Each structure stands twice: as C-alpha cells, then as structure tokens.
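K.L.:
Letter by letter, the chains look like this.
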Amino acid sequence: MIDWLLALAQTLLFISMAPFLLGWIKRVKCHAQNRAAPSLWQPYRDLVKLFRKHTVLAERASWIFRATPYIVFGAIVLAASVVPLVALDLPNAAIADVIVLVAFFSLARCFTALAAMDIGTAFGGMGSSRDMMIGALAEPALLMAVFTMAMSASTTNLTEAVTYTLNSGLVLRPSFIFAMLGLMMVAVAETGRVPVDNPATHLELTMVHEAMILEYSGRHLALIEWADQIQLMIYMVLIANIFFPWGIATQLTANDLALSLVAITAKLMLLGVLLVIWETVMAKMRLFRVPQFLGFAFLLSLLGMLTHVILETGG
Amino acid sequence: MLRILNKIQRIGIVTERLPIIEEPALEEIGAQLKAKLGQLFNGSLAIREVDAGSCNGCELEIHALNNPYYGIERYGVHFVASPRHADMLLVTGPVSRHMQAALSHSFFTLILLLWVVT
Chain V
1 MIDWLLALAQ TLLFISMAPF LLGWIKRVKC HAQNRAAPSL WQPYRDLVKL
51 FRKHTVLAER ASWIFRATPY IVFGAIVLAA SVVPLVALDL PNAAIADVIV
101 LVAFFSLARC FTALAAMDIG TAFGGMGSSR DMMIGALAEP ALLMAVFTMA
151 MSASTTNLTE AVTYTLNSGL VLRPSFIFAM LGLMMVAVAE TGRVPVDNPA
201 THLELTMVHE AMILEYSGRH LALIEWADQI QLMIYMVLIA NIFFPWGIAT
251 QLTANDLALS LVAITAKLML LGVLLVIWET VMAKMRLFRV PQFLGFAFLL
301 SLLGMLTHVI LETGG
Chain P
316 MLRILNKIQR IGIVTERLPI IEEPALEEIG AQLKAKLGQL FNGSLAIREV
366 DAGSCNGCEL EIHALNNPYY GIERYGVHFV ASPRHADMLL VTGPVSRHMQ
416 AALSHSFFTL ILLLWVVT
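Protein chains in written order, with the working numbering: chain V, 1 to 315; chain P, 316 to 433.
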C-alpha cells in the first residue's frame with residue numbers, strides 16, 4: 001500500500017515539477033541572451049492564469065477538438081508515471097514498459113495533429129503535416145535508441161534497465177554513448193526545441209508545434225502546455241536516469257529518497273544548462289533539413305545497436 | 316561556438332534596472348494603479364498586437380520592449396501569436412479599411428478580454 005502511495009507521490013512530484021524545470025531552462029536561456037530573467041515560478045503563473053480563463057471554441061469544433069487536451073494530458077501523465085524519477089522499486093513500473101511509453105507519446109501527437117486539422121485553419125493543417133513528418137522520423141530513432149538499451153539490459157522495463165546500469169557500475173559502453181546521443185537528438189526534435197522547432201516563435205510560417213495549438217484557449221491551452229512541459233521533463237529524466245542513474249533510491253528509506261531527490265534535481269538542472277548551450281550555438285534549421293538531422297539520430301542509435309552486437313556480446 | 320559563449324560571458328546582463336523614484340505623488344498613483352491592476356494582472360499577461368495601419372513606429376517601440384535591454388518578459392508580459400492565447404489586444408494605427416475585418420475578427424476570438432489598448 002505504501003508503495004502505491006509513493007508511486008502516486010512520485011507522479012504528482014513529476015507533473016508539479018515540470019513547469020519549474022521549464023522556468024529554469026528559460027532563466028538560463030535569458031542569461032544566455034544577456035537579459036534579466038523572469039521568476040522561476042513564471043510558468044506556474046501562466047498556467048494558473050490560463051486555468052482561470054474562459055475557453056472559446058471555434059464554431060466548427062467537433063468532439064475531437066474538445067477531447068484532445070484531456071487525452072494529451074492523460075497520455076503524458078500516464079507516461080510520466082512509469083518513468084522512475086526518484087525511486088526504483090515502485091509497483092507502477094510493472095504496468096508499462098518503454099515501448100508503451102513511446103506509444104503514449106504517439107497517441108498524444110496523433111490527437112494533437114487531428115485536433116489541429118479539425119478546425120480547418122490553414123496553419124493547423126500545416127503544423128499537423130510537419131509534426132507528423134517529424135514524428136514519423138523521430139520515433140524509429142527513439143525506439144532504436146531504446147532497443148539498444150534494452151538489448152544490454154535484456155529487458156524493456158525501465159526500472160529493470162536502470163537497475164542493470166546501476167549494478168554494472170561505471171563501465172564504458174560505446175553502445176550507450178551512441179544511444180544517448182541519438183536519444184538527445186530525438187528529444188530535441190520531439191519536444192519542439194531549436195534547431196527543429198522554436199518554442200518562442202511568433203512567425204506562423206516557421207511554426208511546427210505552436211501552429212497546431214493556435215486555436216486553443218483557456219484551460220485547454222493550459223492542459224496542452226502543461227503536457228508539453230511534462231514531456232520535456234520525461235525526456236530529460238530518461239536521459240538522466242538511464243545513462244547516469246547514480247543517486248536514485250533503491251530502497252524506500254527517507255534518507256535514500258532525499259538523496260535521490262537532490263541527485264535528480266542536480267542532474268536535470270545540468271541537463272537544462274546543456275540544452276540552453278545547445279540552443280544558443282545552433283540556429284533553427286530549414287524544415288527540409290530536419291529529415292537529415294533525424295536520419296543522423298537514427299544512424300547514431302543504429303550504430304549503438306551495432307556496437308552492442310559487435311563489441312559487447314559474445315566472448 | 317566558443318566565440319559566442321565567450322561573448323555572452325563577457326557582456327553579462329544588459330537589462331536596464333528600474334530607476335528609483337523618490338516622488339511621493341508618483342508613488343501614490345503607483346499604489347492606486349497596483350491595487351486596480353492587481354486583480355486583473357497577476358504576474359502573467361499575454362498580448363496580441365494587431366497593426367491596423369500604423370506607420371510601424373509603434374511596432375519598433377513594441378519590438379524594443381522585447382529586447383535584452385528593456386526585457387519586458389521579466390515581468391511575465393509576453394506577446395503571443397494567436398488572439399486565442401491573449402489577454403490583451405494591442406491595436407496600433409488608425410484602423411485602415413483593409414485591416415478592419417481582420418481586427419474585428421481577432422477582437423471576437425479574444426476571451427475574457429482585459430483591455431483593448433489603442
């Protein structure tokens with residue numbers, strides 16, 4: 001029983017910390033742009049404001065448009081609940097493995113694209129087609145990176161995979177390095193960051209994800225934005241905890257949990273700084289170069305799997 | 316890559332600090348304004364700007380608000396791409412005939428309209 005409560009607490013912590021992570025990234029980014037940053041709690045203020053506002057629906061909105069924010073938010077929260085954040089031996093990890101996690105992302109993406117086309121605005125359809133193109137290219141690369149990890153650990157369950165990395169100690173695995181680089185590139189594409197998409201753009205012609213949610217307002221918009229923040233955090237936690245799991249609590253004692261919380265916060269903050277440096281030195285690329293970018297991510301993941309087969313098995 | 320990071324490091328934060336105002340009359344007005352706006356503006360404001368035939372002077376100034384020097388974003392005010400995301404409609408210019416339809420359209424897609432500033 002206490003396990004399930006802890007699992008619930010972990011999920012709640014996950015979804016409540018996601019806006020804070022975005023606030024941190026924004027703060028570091030503002031410093032990289034030599035400007036004074038808004039408060040770290042700004043994403044919370046924006047969300048609260050949006051939740052308090054009324055929602056306006058377009059006249060031709062069907063049930064898909066109305067249901068999408070809830071489906072997207074639900075899918076992403078379920079995905080967040082199976083990712084080990086602070087503790088390993090929680091019962092919810094057995095519910096779903098990493099392939100289901102990818103499927104949750106696809107479900108959210110699919111419904112966002114449908115909702116964007118539902119209204120019939122030009123930008124919505126354009127955003128959907130672009131996002132589906134990116135998704136179709138990013139998901140194979142993501143799955144390939146995940147399979148590399150799964151082949152090493154002989155499991156697709158996230159908790160068991162993290163335990164495996166933790167138990168095997170500090171071993172240099174070329175396959176993991178390739179898979180990590182592949183996963184990072186996919187994460188950049190899937191969460192709509194520079195160079196694939198720019199989350200702060202106002203130019204409709206260059207929008208990808210933003211173009212799909214132009215018609216949303218009020219609490220619908222709040223749910224979708226919150227889901228995006230959680231998705232960004234899921235990717236960062238995946239990278240942090242699969243490849244650098246040290247510090248995560250293996251026993252459910254208060255001491256371990258506190259240490260784990262400090263460790264994951266430090267890891268996420270560091271990853272946030274890395275993301276900002278990456279975004280600062282890169283320019284947004286043309287849409288037609290995105291397939292090359294994601295092709296490279298796929299290649300890296302494939303190389304990871306090959307090096308695993310060639311170098312790390314047998315013997 | 317290192318050059319741009321070095322440059323960022325060297326320049327530091329350029330945002331202008333708020334001047335310290337020592338005029339009691341201004342402070343009083345400020346307090347009144349704060350009491351009135353506080354209910355509507357709670358640290359987060361999304362603005363949709365519509366150019367209805369202005370000379371672009373306003374746009375230059377509005378754009379300058381977003382730059383690192385003035386940095387309006389630090390107060391939680393930002394410009395958005397869709398009137399549905401906005402709390403405030405900011406109209407510049409005398410509303411030319413060609414922009415009339417577009418302006419009224421974006422006016423009606425706004426929700427819980429706080430202000431229209433022209």
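It should be emphasised that the hints constitute simulated quantities derived from the structure, not laboratory data. Computed from a predicted structure; not experimentally measured. Backbone N, C-alpha and C fix where the C-beta goes; we use that ideal spot for every residue, glycine too. Each hint should be verified, as a subset may be incorrect.
Stated by the list, open to error - Keeping only pairs whose Cα atoms sit at most 25 Å apart, straight-line, the calculated DSS-like set for lysine-lysine is: (1) V/Lys-29 / P/Lys-322; (2) V/Lys-49 / P/Lys-322; (3) P/Lys-322 / V/Lys-53.
Unchecked claim - In silico negatives: residues of chain V with every beta carbon more than 12 Å from chain P: (4) Leu-13; (5) Met-17; (6) Ala-32; (7) Arg-45; (8) Ala-94; (9) Val-102; (10) Phe-123; (11) Leu-143; (12) Asn-157; (13) Leu-172; (14) Pro-174; (15) Phe-288; (16) Pro-291.
To be verified - Output of the computed footprint for chain V on chain P, the stretches with three or more beta carbons under 8 Å from beta carbons of chain V: (17) 325-332; (18) 386-395; (19) 402-416.
K.L.:
For every hint, state whether the structure bears it out.
P.N.:
Hints, one by one, checked against the model:
1. V/Lys-29 / P/Lys-322: At roughly 15 Å apart (the allowed maximum being 25 Å), P/Lys-322 and V/Lys-29 satisfy the hint.
2. V/Lys-49 / P/Lys-322: 37 Å, violated
3. P/Lys-322 / V/Lys-53: 42 Å, violated
4. Leu-13: 24 Å, holds
5. Met-17: 19 Å, holds
6. Ala-32: 6 Å, violated
7. Arg-45: For V/Arg-45, whose nearest Cβ neighbour in chain P is about 4 Å away, the distance does not exceed 12 Å, so it is violated.
8. Ala-94: Check passes; 40 Å lies beyond 12 Å.
9. Val-102: At about 29 Å from chain P, V/Val-102 clears the 12 Å cut-off, so the statement holds.
10. Phe-123: 9 Å, violated
11. Leu-143: 31 Å, holds
12. Asn-157: 38 Å, holds
13. Leu-172: The assertion about V/Leu-172 holds, with a minimum of 26 Å to chain P.
14. Pro-174: The claim stands: V/Pro-174 keeps its Cβ more than 12 Å from every Cβ of chain P (closest is about 25 Å).
15. Phe-288: V/Phe-288 clear of chain P: closest Cβ-Cβ about 23 Å, beyond 12 Å.
16. Pro-291: With a cut-off of 12 Å, V/Pro-291 remains clear of chain P, as the shortest Cβ separation is near 24 Å.
17. 325-332: holds (count 5)
18. 386-395: Holds: 7 residues of the stretch 386-395 of chain P have a Cβ under 8 Å from chain V.
19. 402-416: violated (count 1)
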